[in-house]
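J.: Position chain B relative to chain A; hints supplied.
Sequences listed follow chains A and B, in order.
In terms of my numbering, the first sequence opens at residue 6 and continues consecutively.
In terms of my numbering, the second sequence opens at residue 2 and continues consecutively.
Be a bit skeptical, because a hint or two may be false.
As the list claims (entries may be wrong) - Subject to a maximum C-alpha distance of 25 Å in a straight line, what follows is the list of computed DMTMM-like cross-link-like pairs (lysine to aspartate or glutamate): (1) A:176 x B:92; (2) A:246 x B:84; (3) B:132 x A:134; (4) A:334 x A:134; (5) A:276 x A:200; (6) B:15 x B:47; (7) A:246 x B:147; (8) B:152 x A:174; (9) B:111 x A:353; (10) B:61 x B:186; (11) A:14 x B:112; (12) B:149 x A:174; (13) A:334 x B:84; (14) B:249 x B:239; (15) A:176 x B:138.
Said to hold, decoys possible - Per label pair, the in silico range of CB-to-CB distance: (16) B:301 x A:137: 26 to 34 Å; (17) B:129 x A:85: 32 to 40 Å; (18) B:98 x A:202: 50 to 58 Å; (19) B:164 x A:280: 46 to 54 Å; (20) A:157 x B:98: 26 to 34 Å; (21) B:327 x A:142: 48 to 56 Å; (22) B:150 x A:129: 38 to 46 Å; (23) A:91 x B:281: 41 to 49 Å; (24) A:158 x B:275: 31 to 39 Å; (25) A:115 x B:48: 54 to 62 Å.
What the hints contain is simulated information worked out from the structure, not anything from laboratory work.
C-beta: ideal position from N, C-alpha, C; glycine also.
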Amino acid sequence: MNELIPFLKELLVVPGLSGYEDPASEIISAKWKPLVHTLSSGRLGSLQGLRRGSGKSPRPSVLVAAHMDTIGLMVTGCTEGFLRITHVGGVDIRILPGTLVTVHATASGGKRSIPGVVVQPPASLLPPDVGTNPVPLENLFVDTGLPPRSVSALVQVGDLVSFAQPPLELKGDALAGHSLDNRVSVAALTVCLEELQSRPHDWDVWAVATTQEEVGGVGATGSTFQLNPSIAIAVDVTFAKGPGANDWQTLPLGKGPTLCMGPNIHPALLKVMKDLAVRLEIPFTQEYAPRHTGTDGYATQVVAGGIPTLVIGIPLRYMHTPVEVVSIKDIQRAGRLMAEFITGLEPDFMKNITWDD
Amino acid sequence: MPTIGKAQLELLEKLCNACAVSGDEGEVRRIVLEELKGCRVQSSVDALGNVLVTRPGTGKKKLRVMISAHMDEVGFMLVAADDDDGLFRFEIVGSIDIRQVAGKAVLVGKEHLPGVIGARPIHLTSADEQKRVIPLETLRIDIGPDGKQAKPGDRAVFATRFQRNGQVLIAKALDNRLGVVTLLELVKNAPANIDLLAAFTVQEEIGLRGAKVAAYTLDPDLAIAVDATPANDLPSWDDEENASFNTKLGSGPAIYIADGSTLCDPRLVRHFRDTAQAKGIPIQFRQPGGGGTDAGAIHKARAGVPSISISVPHRYSHTAASVCRLDDWKNTLALLFSALQRLSPELLRTSRR
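With the rest of the complex left out, here is chain A (with noise of 0.2 Å):
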């Protein structure tokens, strides 16, 4: 996709909390709807594009399902025009201090944007025992700069307070920003639905932008049953190679995706995924999840009587920060696998997915 990063900041500077997921939703709806046969709107807000096979009806069909939905602050309370918050999704509470934010004030009806910043008090107006540690979430504030006033006019309990930190790009085809969990993915689902509009496919396709993967693929579980693919694909973002992150469980950066294998993935998928990777000499890293893979693909598996389910991840730095990095060559490298995955699905190809004992 040409135009792969500015479809990126424009789905970076959006809000869409977890449960709030229209902002986005809306940007990749614009976005899919000349690639896409239908769009539709999941009960619980998924974002449903399908694209029709032309294999012999009734076509076996694939979902993919990337989320759209990102972490965030919640307002709890207001004392003196200072914003109390709570988190929406993991948040790591040190690297709140000196954020800057957006809150989202519906107090007045309708809604506005006013910017603010997450503040660390002073240490005369903490508790003693905080000292030079990390200040916890309930001291800690969001400040519009506002009078009391009009801070109470504007906003209420339950407003959201999403991260204002605006997409970088640095050097070596990389992008910093937050929300790349898991917009990247959105992304690298897009590459491959513009792949597909010049390559037959048998099976059906649906495209799903997923709502509440952060707060535990509710999003996806919806979708899946009531969509009922025949297989699922979870792409999301994984822990990148960087400071403070160089274990196991850590992959490097921009050397391709990820092909995750554990308890949520079948393993024949795994085996084909793999060896299609190797023949096209798409570069990718193995993935080991001994147990939950933190992705949609933990939900679609035990959707109804059971769905197989294949875990692509997109190495990303920082996870869950307002800085988080991704390298954009492995968002192309993700999107194109699985365009070349979706075009070899033969009619009969679920007779492969058996298991080798």
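T.: Just chain B now, kept in the frame of chain A:
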């Protein structure tokens, strides 16, 4: 009477977005010299990099009034490269709480290369570890996998871009670009009753070093340091009264009486208070306590210089994003200008009582 309008806000934006870590003030110095070109004044750059400006008055008996505003800001210096993959160890220049560093974007070097200071993903961090501060030596500035353009010795600053929401200004380095623009306005509109000696100083954040030599060179009768001071006006965790707020946002310019480096000259304190009363400008006295400004070095220069500090209150100094209100800044400029206009040599002959 000078005031803060569109041009001054644009200049503040440009200066806040510029990078000028203590010892590497060139980018701000260049903007200051550019601004000074239009106004017929003598200016020079001294051995440390201070910009010194003399704007003589027209009367006979004139006080030589030094006004200083420091150009430098807190930030980082890259000190070592990790292999060849765009990762750099860094040190902090000036006082930045280490808890303010992780998870922030930065700009590196004179070319403003974008970079980030990340943190280990929370998924790979134990609950116990999350209770401890992330140590500086584990953090890196990451400018991307092909980051060969940066090198040890380069400075870095938080990448925050200036933004305005009505009265509210959010930016990095409001400390002390607010002072720099204020002083530029005073130079451009200096009252004729004094000789104005302006010093745009370096290395304030690492020990008031520029101001020390600037005061020697300028040899003033009295001095005013113009700076930005913390407003710690947040609620206390236990809902008790916050009695140590230093200053409050929205309460006007802060007049110093005593800080950790200077006992301000009482005649100057009275002069500023009386000026504010006469002109109806809201003011607040900064709570006497620690901290310091360029005045700490200036008042001990040569045989001694009666000195005072006047600051714009702002929240979250020395972090990625500080916050101030426009009216506090406008009133600071108005107070300074009016106080200069009312200065006469008589003032220094009055009692200190």
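J.: Hints first: check each against the structure and report whether it holds.
T.: Evaluation of the provided hints:
1. A:176 x B:92: holds, 22 Å
2. A:246 x B:84: Holds: residue 246 of chain A and residue 84 of chain B sit about 14 Å apart, inside 25 Å.
3. B:132 x A:134: Holds, because 12 Å separates the two Cα atoms, which is no more than 25 Å.
4. A:334 x A:134: Measuring from Cα to Cα gives roughly 47 Å; hence the hint is violated.
5. A:276 x A:200: Given pair residue 276 of chain A, residue 200 of chain A holds - Cα atoms ~22 Å apart, limit 25 Å.
6. B:15 x B:47: holds, 24 Å
7. A:246 x B:147: holds, 15 Å
8. B:152 x A:174: holds, 19 Å
9. B:111 x A:353: violated, 60 Å
10. B:61 x B:186: Holds, because 24 Å separates the two Cα atoms, which is no more than 25 Å.
11. A:14 x B:112: Given that 25 Å is the threshold and the Cα spacing comes to 22 Å, the pair holds.
12. B:149 x A:174: OK: residue 149 of chain B and residue 174 of chain A at ~15 Å, within 25 Å.
13. A:334 x B:84: Distance ~22 Å between residue 334 of chain A and residue 84 of chain B Cα, so the pair holds.
14. B:249 x B:239: holds, 19 Å
15. A:176 x B:138: Since the Cα atoms of residue 176 of chain A and residue 138 of chain B sit roughly 23 Å apart, the hinted pair holds (cutoff 25 Å).
16. B:301 x A:137: 26 to 34 Å: holds, 32 Å
17. B:129 x A:85: 32 to 40 Å: holds, 34 Å
18. B:98 x A:202: 50 to 58 Å: Hint holds: Cβ distance 52 Å, inside 50 to 58 Å.
19. B:164 x A:280: 46 to 54 Å: holds, 52 Å
20. A:157 x B:98: 26 to 34 Å: holds, 30 Å
21. B:327 x A:142: 48 to 56 Å: violated, 31 Å
22. B:150 x A:129: 38 to 46 Å: About 42 Å separates the Cβ atoms of residue 150 of chain B and residue 129 of chain A, which means 38 to 46 Å holds.
23. A:91 x B:281: 41 to 49 Å: For residue 91 of chain A and residue 281 of chain B the Cβ distance comes to about 44 Å; the hint holds.
24. A:158 x B:275: 31 to 39 Å: holds, 38 Å
25. A:115 x B:48: 54 to 62 Å: Given a distance of about 58 Å, which is inside 54 to 62 Å, the answer is holds.
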